[in-house]
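**Q** Taken in sequence, the protein lines are chains A and B.
Here full-length UniProt numbering is used: the first residue of the first sequence is 1, the next is one more, and so on.
Here full-length UniProt numbering is used: the first residue of the second sequence is 1, the next is one more, and so on.
It should be emphasised that the hints constitute simulated quantities derived from the structure, not laboratory data.
Any given hint could be a false lead.
Identical copies go unnamed one by one, so any copy, or any two together, can satisfy a pair.
[To be verified] Pairs of lysine to aspartate or glutamate residues, derived as EDC-like cross-links and limited to a Cα-Cα distance of at most 20 Å, are as follows: (1) K49 - E24; (2) K263 - E164; (3) K49 - D94; (4) K49 - E141; (5) K263 - D128; (6) K49 - D93; (7) K263 - D308; (8) K49 - D189.
Number of protein chains: 2
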Amino acid sequence: MRAPLIDNLQYADFSPEIFAQMREGGVDAVHVTIAYHESFREMVLNLEKWNRWFEAHPDLIFRGTHAGCVTRAQETGRTAIFFGFQNPSPIGDDIGLVEICHQLGIRFMQLTYNNQSLLATGCYEDEDTGLTRMGRQVVREMNRVGMVVDMSHSAERSTLEAIEHSTRPVAITHANPHAWHAALRNKSDRVLRALTEAGGMLGFSVYPHHLAGGTDCTLESFCGMIADTAGRYGSEYLGIGTDLCQNQPDSVVEWMRVGRWSKVIDYGEGTAANAGFPPMPHWFRDNRDFGNIRAGLLAAGLSETDTDGIMGGNWHRFYDAGFGPA
Amino acid sequence: MRAPLIDNLQYADFSPEIFAQMREGGVDAVHVTIAYHESFREMVLNLEKWNRWFEAHPDLIFRGTHAGCVTRAQETGRTAIFFGFQNPSPIGDDIGLVEICHQLGIRFMQLTYNNQSLLATGCYEDEDTGLTRMGRQVVREMNRVGMVVDMSHSAERSTLEAIEHSTRPVAITHANPHAWHAALRNKSDRVLRALTEAGGMLGFSVYPHHLAGGTDCTLESFCGMIADTAGRYGSEYLGIGTDLCQNQPDSVVEWMRVGRWSKVIDYGEGTAANAGFPPMPHWFRDNRDFGNIRAGLLAAGLSETDTDGIMGGNWHRFYDAGFGPA
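So here's chain A without its partners, still in its complex pose:
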């Protein structure tokens, strides 16, 4: 069977049209964000919305819970949808909700979004105090049940401590190397080395704020950066996590950034002059454009095998090792 195509981070305004595009693009699995600042009950409402989509469109999508679902997706011509949180808000201060959320299909959880959480420090805080007391306990519990620790939005020290403390490999599902584009959300050599040496995965983001040159970033620059990263850390630790926010109104990027934690606006990676979702680069507009990235990787000199791994094989292996009980 051909290597699977996996996008390990999307937060689109999902709809049957987008599910059809996933099929058109041959996407076998997508990890979708279902919570930023939601309470447990609000997150469950988001799960209910997905359950209705699964019921209404069984020919296009189904709920993914383990690596075998990716294979099943390939065999049945559908897309397996895996769930994750970009913030630990849904579990609040209740560690028992980690296992409950795993039972509901949650497979990734960021220990923080941009702010300090009950577990660790986000990348926009002034001070990074690393893992909290609860953070250390929750990482152990995530390790136990098979929920992947995702440090995409976390600050440096917190990220290094999570990698160190976790007994299972950690993921940075959507970010790029800081050396290529010095954005606050992109990751230092130190983090990427610690991550990959511990068997963790980096998913390359196509979100313009993470790209050198932003929306104008060329496919050649993006894929050259991936080839360079493969040379530096090993291609087997690399995958795609586009951070595709297709069709979302700008009110949603405001929700992502501000939630209910502030009464005044915070622009996050944006600015007052550029507050909304930035336009995507012309070579990646939606799920139908993964072929461009694949071609770009081959053109950048990566082998067919390495390219297969980066386009999904590596995430598939990581799912297999990460989603079950320890």
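Fit chain B to the known structure of chain A by using the hints.
**A** Coordinates of chain B only, in the frame set by chain A:
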């Protein structure tokens, strides 16, 4: 492999001691009540408590989700714990929570406890208006996902309408025939005929208020009643649902009866003079006494095969047909 031993209703004050008694008694599976008047979030807290027991006592118990878990329990010398609600309180007015609860392992839900619910009428109401608009929708949704409709505490018309409306067999997990003991909670011939003609199951209760003679009911009377019921409706529709409330303080029976719906006391099946949990009959005190019932059934003239079915084989077959998607 020997026929399994299944008790399809308990609400004990569970503890490692009781789990050890389940093993001593050779009980392969137990359906436990995890909600009466709990909100969704409170019910999840109860699930979290069970998850901690499963983690701490994997040598004794594990979470049961489908019929195969009963076989696994037999093979590994443990007890599979299946979950159910005695009231639809946890789903409130949100039909999407039916599937969420099924994903969390809930396999039985009573449409009512003693009162009118959003779905149907309980057996203590003056007027029984049958299935509500939401009740009809929820029965369909339970049919779809594989959650068994349980009418143990519901009023007559509501019960008949549920049996009629449900496309899959219904259960009365814990009650006895009204003809044997004319308690409000026991079931009429009309209900038992409709139930069993539609492939549904009756679980015989050992709760003293459901027994002819109460606590003093003899094993011979109880087993004779079962043999008579088998002759009338067919033994294949019969099982055990003891309603064992072992070690519960009387505050718990008050919670079961009053919850938060009344500021004044309601005695339910009890009376002001006999408000607490009644003492169990001497021949069934806890999970170690199923051998008495088995011996009583054989003594009452039931065949070995029929007895095997009533002691667990019939519930096992019902689980197999009932717990998966339609």
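**Q** Hints first: check each against the structure and report whether it holds.
**A** Results of checking the hints against the structure:
With identical chains, the CA atoms of K49 and E24 are never at most 20 Å apart, being 23 Å at best within one copy and 45 Å at best between copies. For the homomeric pair K263 and E164, neither the shortest alpha-carbon distance inside one copy (36 Å) nor that between copies (54 Å) is at most 20 Å. Only between protomers do K49 and D94 lie at most 20 Å apart by alpha-carbon distance; the minimum there is 12 Å, versus 24 Å within a single protomer. Taking the shortest Cα distances, K49 and E141 sit within 20 Å of each other only across copies (15 Å), while inside one copy they are farther apart (27 Å).
With identical chains, the CA atoms of K263 and D128 are never at most 20 Å apart, being 23 Å at best within one copy and 50 Å at best between copies. For a Cα distance limit of 20 Å, the shortest separation of K49 from D93 across copies, 16 Å, qualifies, whereas the shortest one inside one copy, 25 Å, does not. Taking the closest pair of Cα atoms, K263 and D308 never come within 20 Å of each other, the shortest separation being 46 Å inside a single copy and 66 Å across copies. For a Cα distance limit of 20 Å, the shortest separation of K49 from D189 qualifies neither inside one copy, at 39 Å, nor across copies, at 42 Å.
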